[in-house]
Every structure is written in C-alpha cells, then in structure tokens.
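Participant: Now for the letters of each chain:
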Amino acid sequence: MADSWLYQTAQQLAQTSSDYEERAFFQALSQLALEQEKRIEQAQGEIDGRSWDEQAW
Amino acid sequence: MQTLIIVAHPQLAESSTQQFLRQGANLADATWRPLQAPFTLATEQAKLLSAERIIWQFPLYWYSAPAILKSWQDQVLTSEFALRQQSLAGKELGIVVTTDTKASAYQSGAAEQFTLAELLRPYQALANKLGLRWLPPFAIHQFKYQTEIQQQQLLIDYQQYLTLPQPATFEQRQQWFEQRLQQMTTRAPAMQKETLQLLGEQLATNRDNLAELRWTVEQMREDE
Numbered sequence: 001m002a003d004s005w006l007y008q009t010a011q012q013l014a015q016t017s018s019d020y021e022e023r024a025f026f027q028a029l030s031q032l033a034l035e036q037e038k039r040i041e042q043a044q045g046e047i048d049g050r051s052w053d054e055q056a057w
Numbered sequence: 001m002q003t004l005i006i007v008a009h010p011q012l013a014e015s016s017t018q019q020f021l022r023q024g025a026n027l028a029d030a031t032w033r034p035l036q037a038p039f040t041l042a043t044e045q046a047k048l049l050s051a052e053r054i055i056w057q058f059p060l061y062w063y064s065a066p067a068i069l070k071s072w073q074d075q076v077l078t079s080e081f082a083l084r085q086q087s088l089a090g091k092e093l094g095i096v097v098t099t100d101t102k103a104s105a106y107q108s109g110a111a112e113q114f115t116l117a118e119l120l121r122p123y124q125a126l127a128n129k130l131g132l133r134w135l136p137p138f139a140i141h142q143f144k145y146q147t148e149i150q151q152q153q154l155l156i157d158y159q160q161y162l163t164l165p166q167p168a169t170f171e172q173r174q175q176w177f178e179q180r181l182q183q184m185t186t187r188a189p190a191m192q193k194e195t196l197q198l199l200g201e202q203l204a205t206n207r208d209n210l211a212e213l214r215w216t217v218e219q220m221r222e223d224e
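First to last, the protein sequences are chains H and F.
1 is the number of the first residue of the first sequence in UniProt numbering; add one for each residue after it.
1 is the number of the first residue of the second sequence in UniProt numbering; add one for each residue after it.
Hints are supplied without guarantee of correctness; some may be wrong.
[Stated by the list, open to error] Here are some, though not all, of the chain F residues that point toward chain H, as calculated from beta-carbon distances under 10 Å: (1) G24; (2) Q152; (3) L154; (4) Q174; (5) M184; (6) T185; (7) L196; (8) L213; (9) R221.
Simulated from the structure, these hints should not be mistaken for lab results.
All values derive from a computational prediction rather than experimental measurement.
All C-beta atoms in this analysis are idealised placements derived from N, C-alpha and C, irrespective of residue type, glycine included.
Required output: the full structure, derived from the provided sequences and hints.
Facilitator: So this is what it looks like as structure tokens:
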C-alpha cells in the first residue's frame with residue numbers, strides 16, 4: 001500500500017520534478033497506485049473468503 | 001480523439017480556474033476555443049465538424065451558462081446544420097462546469113436543492129435532439145479553495161476527461177498512466193529513463209495481476 005515502491009517513487013517524483021504538470025502527473029499516479037493496490041487486496045480477500053467457505057471445512 | 005473545448009466565460013483572462021484548465025487542455029492536445037462575439041457561422045460550424053468530442057466549458061451563472069454560450073448556440077446550431085443535416089450526430093458532448101459552491105450543496109434537501117445533473121438537463125436534451133452522445137458532466141467546485149494536491153489531481157482528471165472514452169473505466173485510467181509514462185520515458189534524461197520505465201512496468205504488472213484476480217473472482221462467483 002502506501003509503502004509500496006510504486007507509490008513511494010511516484011510521491012518522490014511528485015515532490016522533486018521541476019515541471020508543474022509532471023508533479024501533478026506523479027501525484028495522481030501515486031493515488032492510482034494506491035487504488036490499484038487496494039483493489040488487488042480486495043480481490044485477494046474475496047478469493048480467500050470464497051475458498052474458505054467452499055473448501056476449508 | 002479530436003476534442004474541441006468551447007469556453008464561455010465573460011472574463012476569461014481573469015479566471016484562474018480557466019487559465020489552469022488551459023494548461024491541461026494544451027497538454028492533452030485539445031483545441032481551446034474561447035467564445036468571442038461576433039461569430040462567423042462557417043468557421044464555427046467547421047470547427048464543430050472537425051471535432052469528435054465537443055466540450056462546453058463555463059462557470060455556472062444562475063444555474064446555466066453565461067449568455068454568450070446561448071447566443072453562440074442560437075446562431076451556430078441552425079436548423080439546417082444541426083437538425084436537417086444532423087451534422088453533429090455521432091459526436092460526443094461533454095460539459096465542464098465550474099461553481100463557487102461546494103459539491104454537497106447540489107442535492108435534494110441541501111442548499112441548492114437540485115443535483116448538477118438535473119440543472120444541466122437542457123444541455124442533455126439538446127445532445128439528445130442533435131444525436132450527440134451525452135458524457136457525464138465534469139464539475140469543478142470551489143477551485144480556489146482546493147489544496148495544491150487537489151488541484152494537481154484535478155489537472156490529471158481533466159486531461160483524462162478530455163481524452164479517454166467516457167465514462168472511463170479503471171482499466172482505461174491505468175493504461176492512460178502507462179502510455180504517459182512511455183511518452184515521458186522517451187524524452188527523459190538518461191538518469192531518469194530507467195526509473196520511469198520501471199514505474200511503467202510495475203504499473204502494468206499490477207494491472208495484469210488485478211485483471212487475473214478479478215477473473216478468478218468472477219469464476220468463483222459463477223461456480224456458486
């Protein structure tokens with residue numbers, strides 16, 4: 001999540017780029033990365049949940 | 001995507017919101033066209049014909065656009081051009097509207113009582129009449145009170161509104177970032193190239209990973 005390499009790198013570039021649009025781009029990219037990771041986690045959670053229901057017991 | 005932004009603002013030069021959006025439009029390769037009377041019919045109609053996506057962009061004045069947009073509509077969208085010839089059919093119409101009022105005011109029971117979708121209905125009716133595909137409106141509330149980070153996000157959301165299929169899916173938004181990273185990589189200084197490339201690769205890996213997980217979820221749901 002917020003400690004992922006993708007998020008951290010995008011955040012860093014958002015703070016160090018000299019061009020305004022590039023800073024905006026990297027800031028938005030960092031937010032997209034968070035959303036991506038959240039969705040991955042949710043999908044994994046759903047798979048785990050469904051596996052548990054059907055097979056575990 | 002040929003996007004034409006028709007800007008209706010009586011004091012364009014003094015509007016910090018519009019100047020800000022103009023940067024975004026330039027970067028998105030959209031045509032920025034502020035309205036200025038008198039209009040030359042042939043020029044205005046030719047501009048419309050060359051666009052695939054038409055945007056009417058304006059501040060909300062008394063729940064509608066500034067008068068210059070109505071005046072332009074009445075003169076340029078002639079019955080012959082817009083109705084009989086159906087010249088705009090198959091194109092898209094989007095609205096970019098700015099307001100000094102907060103977003104939460106536009107709902108039933110709140111200060112403005114009506115949603116923006118309701119207030120913008122006449123434009124939707126026009127789109128329907130002329131065979132234009134109506135896009136979800138893009139609203140900007142209280143630009144000057146936004147934090148720098150909110151404004152940065154706005155710039156990117158606006159660029160995506162101008163260029164991506166609408167309404168854009170998460171998949172399309174991810175790919176938009178990947179494409180932009182590729183473009184940036186080609187013109188980046190050598191020391192930054194590798195980082196940008198890695199960012200693009202990681203983004204694509206995550207996208208593939210997510211698509212695969214979603215596919216698995218769909219399969220499991222179907223099997224139940």
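Participant: Next, verify each hint and record whether it holds.
Facilitator: Cross-check of the supplied hints:
At its closest, the beta carbon of F/G24 sits 8 Å from a beta carbon of chain H; the interface hint therefore holds under the 10 Å criterion. With a cut of 10 Å, the hint placing F/Q152 at the interface with chain H holds, because the nearest CB-to-CB distance is about 4 Å. With a least beta-carbon distance of about 8 Å to chain H, the hint placing F/L154 at the interface is held under the 10 Å criterion. Hint on F/Q174 holds. Least Cβ distance to chain H is approximately 7 Å, under the 10 Å limit.
For F/M184, the suggested interface contact is upheld, since its CB lies about 8 Å from the closest CB of chain H, less than 10 Å. Checking F/T185 against chain H by beta carbon gives a least distance of about 13 Å; that is not within 10 Å, so the hint is violated. Contact between F/L196 and chain H, as hinted, is supported at the beta carbon level, the nearest pair being about 9 Å apart and thus within 10 Å. Satisfaction of the interface hint for F/L213 is found here, the shortest Cβ-Cβ separation to chain H being roughly 4 Å, below the 10 Å cut-off.
Hint on F/R221 holds. Least Cβ distance to chain H is approximately 8 Å, under the 10 Å limit.
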